[in-house]
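All chains, full assembly: derive it from the sequences and hints.
Chain by chain, the residues run as shown.
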Amino acid sequence: MKRIPLQVTLHVKEPSVVELTVGDSVQLDRLTPTPQGHVAERCGDLLRPGVTTRSLDQGFYCFRTLSEAHLKVVHGGVGTTVTTNDKDTWPDPKAEVSPPAVPAKGDEPHGEAPRLTVE
Amino acid sequence: MMATASQTLSALAIHIGADIAYAEPDRRWPHAMAARDTVQRAARICRHAGIVEQLTFGGEHATVSAVVCALVRAGAVLTNDGLLVLTFSGHTRRGDGPLDTARWCLFDGWLELSELARHLALLPATARLVVICDTCYAAAIAKTLVGAQRTLVVAGCSDEQTMVDRLRSEFIVRLEAFVCSAPSPGSLEHLRALLEADTPDCERPCVWTNTASWWSAPPLELRSNAS
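First to last, the sequence lines map onto chains F and P. Just so we're aligned, residue 1 is where the first sequence starts under my numbering, counting upward by one. Just so we're aligned, residue 1 is where the second sequence starts under my numbering, counting upward by one.
Hint data in this document are derived by calculation from the structure and do not stem from the laboratory. Ideal Cβ placement from N, Cα and C applies to all residues, glycine included.
Some chain F residues well away from chain P (every beta-carbon gap over 12 Å; in silico):
# : residue
1 : H11
2 : L71
3 : V73
To give an idea of the chain F side of the interface with chain P (calculated C-beta under 10 Å), a few residues:
# : residue
4 : Q27
5 : T34
6 : R64
7 : G106
8 : E108
Okay, structure coming up:
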């Protein structure tokens, strides 16, 4: 089974501090609304393997990782959504708060993604 | 301006900024935000390298027939030691088939990598080819080429990775800064190190060539020192 990245969107509802544990080098992006849709912009240095603590302002963020990941909300309010890069599936209109789609430049064939655990 | 069939060119660039994929099943995909920026940067890179003849296809002009026609014409007009730079920025549909069935999504359809490779193989065998790929599975083209040309692929990610679409693609920004830096850029080996540095594991640029001597030569020059 092909290994595909885990794609996580963070909905930071208030200024928060999180601890992210990852096993590879990961880029955290902030999703900024624009007339063309949400735009991913790099947010700080890469997360290196291990534990990284980040203070996050309110908004949407996303990251992709090839390894198991763990999120600990130290304080604040953070919601998480795990998605696959499947542009052939329409967003669920019944979803309470739809996280912005992370734009990609291609499809993602079926595969096995690592898991996210949240504390 | 495009050369006529009776003309010959020592260098030619074709830039495809397929920001809109209008044909089914790809039309649901969002506009590729970075496409226009990427082809503009690629054009500046080529201009800096001295390539005068450049064709750019974007938006509704990035059609299958326009791209194929340009590739066929390139095969007809490029001199034996000529240089073709081919840039693609847009969506790639990977699908679940073999790698060479992945396809570049254009405005009105798509171009399978196998077909693209077939067209590129018709360039003069001693020509040089530089492919700049700003798309998902970008390096896949390196594994599907079938021609004898000396080839360099500069890709935004590996053949198994997807790219997040941003306003600008970081690797092409770095490529432009590297190639256009004064007084002269470093070697391809240096470029590879620059492009790979400070990138996430799931989206790492890839530099590939089938010509060993290219690694110690500048990535893009009209007259090749790599043989």
